[in-house]
Amino acid sequence: MLFFKRKGKSEEDIVQRAVKETIPDISNLVSSCEQQLRELDDILYGIALYFECISLLHADQPTVIETYRKQLRNIIQRGKELASEASELLTRINKDPRTREALKGIRLNLAEEIPESEPIIKRAKLLVQLYEKYFPGRPRSQEFTEDELFTLMEASADKFDEL
Numbered sequence: 035m036l037f038f039k040r041k042g043k044s045e046e047d048i049v050q051r052a053v054k055e056t057i058p059d060i061s062n063l064v065s066s067c068e069q070q071l072r073e074l075d076d077i078l079y080g081i082a083l084y085f086e087c088i089s090l091l092h093a094d095q096p097t098v099i100e101t102y103r104k105q106l107r108n109i110i111q112r113g114k115e116l117a118s119e120a121s122e123l124l125t126r127i128n129k130d131p132r133t134r135e136a137l138k139g140i141r142l143n144l145a146e147e148i149p150e151s152e153p154i155i156k157r158a159k160l161l162v163q164l165y166e167k168y169f170p171g172r173p174r175s176q177e178f179t180e181d182e183l184f185t186l187m188e189a190s191a192d193k194f195d196e197l
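With this note's numbering, letter number 61 in the sequence shown gets 95, and the count goes up by one each step, no holes.
Hints were generated in silico from the structure; no laboratory data involved. Errors might be hidden in some of the hints.
[Unchecked claim] Calculated lysine to aspartate or glutamate pairs in the EDC-like style (CA-CA distance at most 16 Å, straight line):
no. : residue 1 : residue 2
1   : 167       : 188
2   : 156       : 196
3   : 156       : 75
4   : 159       : 195
5   : 114       : 146
6   : 104       : 150
7   : 104       : 86
8   : 156       : 68
9   : 167       : 76
10  : 159       : 196
11  : 159       : 75
12  : 114       : 75
13  : 159       : 100
14  : 159       : 86
15  : 156       : 146
16  : 114       : 180
17  : 156       : 73
18  : 167       : 182
19  : 159       : 76
20  : 114       : 68
21  : 156       : 195
22  : 114       : 76
23  : 114       : 147
24  : 156       : 192
25  : 159       : 192
[To be verified] Estimated spans, in silico, between C-beta atoms of each pair:
no. : residue 1 : residue 2 : range
26  : 193       : 132       : 44 to 50 Å
27  : 181       : 128       : 39 to 45 Å
28  : 152       : 174       : 20 to 26 Å
29  : 93        : 167       : 21 to 27 Å
30  : 95        : 128       : 46 to 52 Å
31  : 98        : 126       : 15 to 21 Å
32  : 96        : 193       : 25 to 31 Å
Ideal Cβ positions, reconstructed from N, Cα and C, are used throughout, including at glycine.
Given the sequences, and given the hints that come with them, work out the whole structure.
Here it is as structure tokens:
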């Protein structure tokens, strides 16, 4: 405490100054985390689109659909867990900026969490790009018709082979 008095500043002044100086750093970390959350949300939506396409393509093969359902459900579940953990962390940081260190190590990368999901994630990203191209402004909650799903499948068919 003697240090603070000699400098003419209280401990609270020092803490407030330190917090103000870290605000830009926090903003960058928060922005990065928010961007990763948006990308993860896109991937999860793309995986759901992928399942819709698989279900239509293999409509007469329930065992194939069930196999994909299990595999994709596990990936989506882990992705939602990652998103939830990151959202909770962002909430904590907004309440107390001094906890910013916790954000530095955050990585919302499903391919790292589930390495075998990487090809599916690439397809999911492609489907989201095509979705945005063919259905701009469409709410993601709106269900697809078979024709719309076929449009996505046709647009992605050649590109899937390139992945």
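Status of the hints after comparison with the structure:
Proximity of residue 167 to residue 188 is assessed by CA-CA distance (about 13 Å); at most 16 Å being required, the pair is judged to hold. Proximity of residue 156 to residue 196 is assessed by CA-CA distance (about 10 Å); at most 16 Å being required, the pair is judged to hold. Of the supplied pair hints, the one linking residue 156 and residue 75 holds, its CA atoms being roughly 14 Å apart against a limit of 16 Å. This hinted pair checks out: residue 159 and residue 195 have alpha carbons roughly 14 Å apart, not beyond 16 Å.
A distance of roughly 15 Å separates the Cα atoms of residue 114 and residue 146; the hinted pair therefore holds under the 16 Å criterion. Proximity of residue 104 to residue 150 is assessed by CA-CA distance (about 14 Å); at most 16 Å being required, the pair is judged to hold. For the hint pairing residue 104 with residue 86, the CA-to-CA distance comes to about 14 Å; that is within 16 Å, so the pair holds. Taking the CA atoms of residue 156 and residue 68, the gap is about 21 Å. The hint is violated against a cut of 16 Å.
For the proposed pair residue 167 and residue 76, the alpha carbon gap of about 14 Å is at most 16 Å, so the pair holds. Straight-line distance between C-alpha atoms of residue 159 and residue 196 comes to about 13 Å, which keeps the hinted pair within the 16 Å bound. Taking the CA atoms of residue 159 and residue 75, the gap is about 10 Å. The hint holds against a cut of 16 Å. For a cut-off of 16 Å, the pair hint linking residue 114 to residue 75 stands: about 9 Å separates their Cα positions.
At most 16 Å may separate the alpha-carbon atoms for a hinted pair to count; residue 159 and residue 100 exceed this at roughly 22 Å. At roughly 15 Å between alpha-carbon atoms, residue 159 and residue 86 fall within 16 Å of each other, so this suggested pair holds. For the hint linking residue 156 to residue 146, the alpha-carbon distance of about 13 Å falls within 16 Å, and the restraint holds. With a C-alpha separation of about 27 Å, the suggested pairing of residue 114 with residue 180 is violated against the 16 Å cut-off.
For the hint linking residue 156 to residue 73, the alpha-carbon distance of about 12 Å falls within 16 Å, and the restraint holds. With a CA separation close to 12 Å, the supplied pair residue 167 and residue 182 stays within the 16 Å bound. For the hint pairing residue 159 with residue 76, the CA-to-CA distance comes to about 7 Å; that is within 16 Å, so the pair holds. With a C-alpha separation of about 14 Å, the suggested pair residue 114 and residue 68 falls inside the 16 Å cut-off, and the hint holds.
Taking the CA atoms of residue 156 and residue 195, the gap is about 11 Å. The hint holds against a cut of 16 Å. Restraint check for residue 114 and residue 76: satisfied, since their Cα atoms lie roughly 12 Å apart, inside the 16 Å limit. Between residue 114 and residue 147 the alpha-carbon distance is near 12 Å, which keeps this suggested pair within the 16 Å criterion. Restraint check: the Cα-Cα separation between residue 156 and residue 192 comes to about 14 Å, which is no more than 16 Å; the hinted pair holds.
Between the alpha carbons of residue 159 and residue 192 the distance comes to roughly 15 Å, so the proposed pair stays at or under 16 Å and holds. Between residue 193 and residue 132 the C-beta distance comes to about 46 Å, which sits within the given range of 44 to 50 Å. Restraint check, residue 181 to residue 128: a C-beta distance of roughly 44 Å satisfies the suggested window 39 to 45 Å. Taken as a hint, the range 20 to 26 Å holds for the pair residue 152 and residue 174, whose Cβ atoms sit roughly 23 Å apart.
A hinted range of 21 to 27 Å for the beta carbons of residue 93 and residue 167 is consistent with their spacing of about 25 Å. At about 48 Å, the CB distance of residue 95 to residue 128 agrees with the hint of 46 to 52 Å. Checking the proposed 15 to 21 Å range against residue 98 and residue 126 shows it is violated: the Cβ atoms sit about 43 Å from each other. Under the hint 25 to 31 Å, the C-beta atoms of residue 96 and residue 193, about 28 Å apart, fit the expected range.
The structure shown violates the earlier hints numbered 8, 13, 16 and 31.
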